[in-house]
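Novice: Residue numbers (this note's numbering), protein chains in the order written: chain A, 1 to 411; chain B, 1 to 386.
Please note that a few of the clues may not be correct.
If you anchor each label on the Cβ, the simulated ranges turn out as follows [stated by the list, open to error]: (1) S59(A) - G49(B): 41 to 51 Å; (2) F212(B) - T234(A): 46 to 56 Å; (3) F51(B) - T310(A): 29 to 39 Å; (4) S59(A) - V112(B): 53 to 63 Å; (5) G178(B) - N406(A): 41 to 51 Å.
No lab work stands behind these hints: they were computed from the structure.
By construction, the Cβ of each residue, glycine as well, lies at the ideal position given by its N, Cα and C atoms.
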Amino acid sequence: MNNSRKWGTALLAVGVAATLAACSSGTGSTPAAANKPLTILIGSSGKAETAAVQAAADSWAKANKTTVTVTAASDLGQQLGQGFSGGNPPDLFYMSWDQFQTYASKKYLEPYAAAQPNKNAFYPALKKAFTYNNTFYCEPKDFSTLGLIINSDKWAAAGLTTADIPKDWAQLETVAKKLTTADTVGLSFGAEYARMGTFMNQAGGSLVSKDGKTVTADTAANVAGLTEVKKLATEGVLKFPAALGAGWSGEALGKGKAAMVIEGPWISGLKLDYPNLKYTVAELPAGPAGKSTFTFSNCWGIPAQSKTATETESLVKSLTADSQQLKFSAAFGVIPSTISAAKTYATTYPANAAFVKGNDYAVSPVAFAGAATVIADFNSKLESIATVDPKAILAALQTNLQTALNTANGK
Amino acid sequence: MTSNTLPRPGNPGPGNRRPGRTGDRGRGIRGGEGRYGWLFTAPAIGIIGVFLVLPILLALWVSVSDWGGLGSPLNSQVSFVGGKNFAHVLTAGGLAEKDFGTSIRNNFWFVVFVVPLQTALALFLAVQVNRRVLRGRSFFRTAFYFPSVTSAVAITGIFAFLFASTGTVNSVIAALGGAGPTWFADPRGLFHIVAGFFGVGDNPPALSASPFLELTWWQWLSGPSVAMCVIIFLVIFTTSGTFMLLFLAALQNIGVEVEEASLIDGAGPFRKFFSVTLPMLRPTLFTVLTLGVIGTWQIFDQIYILGQGKPAKTTLTPAFLAYQASFKDLNWGDGAAISFILFAIIVSLTVLQRIILRDRNKERLDRSMSRLLAAEKATPVGGQHP
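Between the sequences and the hints, there should be enough to build the whole structure, so can you do that?
Specialist: Right, dumping it as C-alpha cells:
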C-alpha cells in the first residue's frame, strides 16, 4: 500500500514535469537552423481546401528542404487571438477581410506586401481591402463575390426559362413567388449585413462616405434596400436558413428547401454532400441605382517581427503565383486574386463567369478596425427584419458605427 | 463574561499543565510540525499558485491595462489605465455597455428559471429513488445521473437536432396538430409573448425608460427568449442528476428513527417532508443552490455550441461575451473586466444566499448552548481538563 503510493507519487511527479517541459518548449528555444519548419493556420472550407493548401506547401517545402505543417482551424479568429496573446502565432495564416483592419491597427501584422515584386498583379479592390494607413499589408490569396445561385430543377419545374433570370428587384420578386411552394421557399440567404448589404448598395446606399470620415447608414437609399428585403420576407418568398432547418443557405439549396440563394463560388463545395444538385449562377439583380455585389477576400498574413519572415515571404510568393492559384481554383472553386489568373479562370469555368463579372462593380463590405462588433450587433437585429422597422435599426447602426469610426480614426 | 478562565495556548491555566508540553524544555516531539506541514503542502501550494493565483492576478492586471493581446501583458509598452475598461462596459453608453447589459439580462433570467427548477427536480428525484419500496432503485439512480456524466457537448449536439426547426420536437408538435416555433431562431422573450396575448404591443411607452446598462424596462422584463428556454431545459436536464446525488447522500444520513418518531407523532407524508426532511437537508440545500448559482452564471459551453449569442443576442451571456471581447475582438481589457464583474456578481450572490439560508434556530440554540457551557466552566471543577 505504502509502496504503491510512493510509486504513484513518483509517477505523478514525472508526469507533471513532462507536461510542464512540453508546454515550455512551445516558447521556442530550438536552435536557429537554416530551414526552420513552418506552420500555416487556415480557416478551411473543407477537406478539399486543406489538402490543396498542404500539397502546395509541400511542393514549396521540398524545393526549400524544410517542412510546412498546415493546420485547419476549427475557429480561426479564436486560435489566432490565442496564438498572438501567447506570443506564439503561426508563421503564416489566413487573414480575413473583416478582421484585417483590427489586426493591422493593433500592430499584429507584418506589412510585407508593399515590397513584393508582384504587388501590382492583384485587383485594386483587393489591394484596397488589405491596405491600412496607406500601406499594402498582405497579399490577397483569392476572392469571392456574391451571385444568385438557382436550383435548375426547381427553376424548370416552375416553368421558367433562361429568359426569366431576374435582372432587377421586380423580376426577382416575381420569380421568387413562382418558385415558392409548400415545402420550398423561393429565396434564401443568411440574415446578415454581408448579404442584405448588397440590397442597400443596389439602392445606391453605402455605410461610410467616400472620404471614410462619416457614417451614412441612415440614408433613404439604405432604408429602401432593407425595405425591399423586408417586403420579400413578409410575403413569405424569402426565408432565412435557420427557419429552413439549415446551417447556411447553401445547405437549404442542397436540401431543396430553397430554390434560389445568394452565395459565392464556395457553393461548388455542395457537390460533395449533394451530388445530384444542379444549379446555375447569375449576377445579382440590379436595384434602383444599378448593380452591386460584395467581394470578400482573405490574405496571407505574416505576424509582425516574425523570425521566419524571409522564408514565409518566399512561400507566399509561390502560393500567390498564377499557376498555383489556378490549382486552388480547380480544387475548391475560389477565384484567383491576380487579374491575369482570374481571366483564365473565367474562361476555364464559364459556369462561374458571373462571379468574376461581378468583381467589375463589387465593393468590399465595411470593415474598419472595431467595425466587426457593430456589424455583429446589426446582424443580430437583421435576423428579425420581417418584424422590425428598417429605419430604426439603421438609426441605431448609424450611432454605433459613427462611434466606432471616430475611435478608429483616432478622434 | 468569564471567558478569561478558558485555557489558552501560551497562558496555560493551572489545570492545563502537562509534563513535556510547557515549552520550557524545547520544542519536543511535535516541534517540527510546522516545517513539515509547509514541506508537504508545498507541491499543492506551488501548483495552485502557478495555475490559479498567478493567472487571476495577471487577469486582474489585464483588466486595468491597455494590453492589446500582443506579447506578454507585462511588457514595457503596456500601461495602466485604471478603471477605463470597467467604465467602458458599465457606463460609457456605447455598444459595449449595451451588450453587457443584454448579457446580464439574459443570464439573470436563465438563473431565475434554472436554479429553482433544477433544485426542486433534483430533490424530487432524490426523494423518489430513496424510497424503500421502489423496485429497481439503482437502475433509476443510474438513469437520472446519466446525463450528468455525459459530455455537455454531446448532449447539446443532440438537443440541437431535437429542436431544429424540422427536428423531432417540432415533428411531434406537428403530429399533435400544432406548429412549433423555430426554436433556435426565435428571439421573442417569454414574457413578451405572454404580454402579447393580453394585447400589449412592442415597447409600451410606460416601460420605455432606460434605468441602467442601456436597456429599457421593456427589454429588461423580456424574460428568457424561446431559444434560451431550450438551453434552460437542457441545463435542468443535465445538472439535476448531479444534485440528485447530493440530496440522496443527505437523505441517507437521516436516520430511520427520526422518520419513525415523526410518524408516531402523527405526521403525514407532506408534514413529514416539509417539517422533518427538508429542515434536515438545509446544509445540502445551501450547497446545491450555491453550486447552481455559480454554475448558471458561468454558462458557456452550451452557448458556444448553440448559436454563440444568436438569435438577436438573446443567448449572449457574460462568460461568452468576455470570451468574444477577448479572443474575437481583441479587446482583452474589456474581456477581463467583464470576467471580474461576473466574479463579483457570483461572490455577492453566494454571500447573500448564505445570509438568507442561515439557520436561525440553530444559531439561537448554539448561543444558548455556549452560554450554558461557559456557565459550567465558571464553576470550579478541580484539575479536570475540559
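Novice: Which constraints among the numbered hints does this structure fail? Numbers only, ascending.
Specialist: The structure conflicts with hint 2 only, although it agrees with all the remaining ones.
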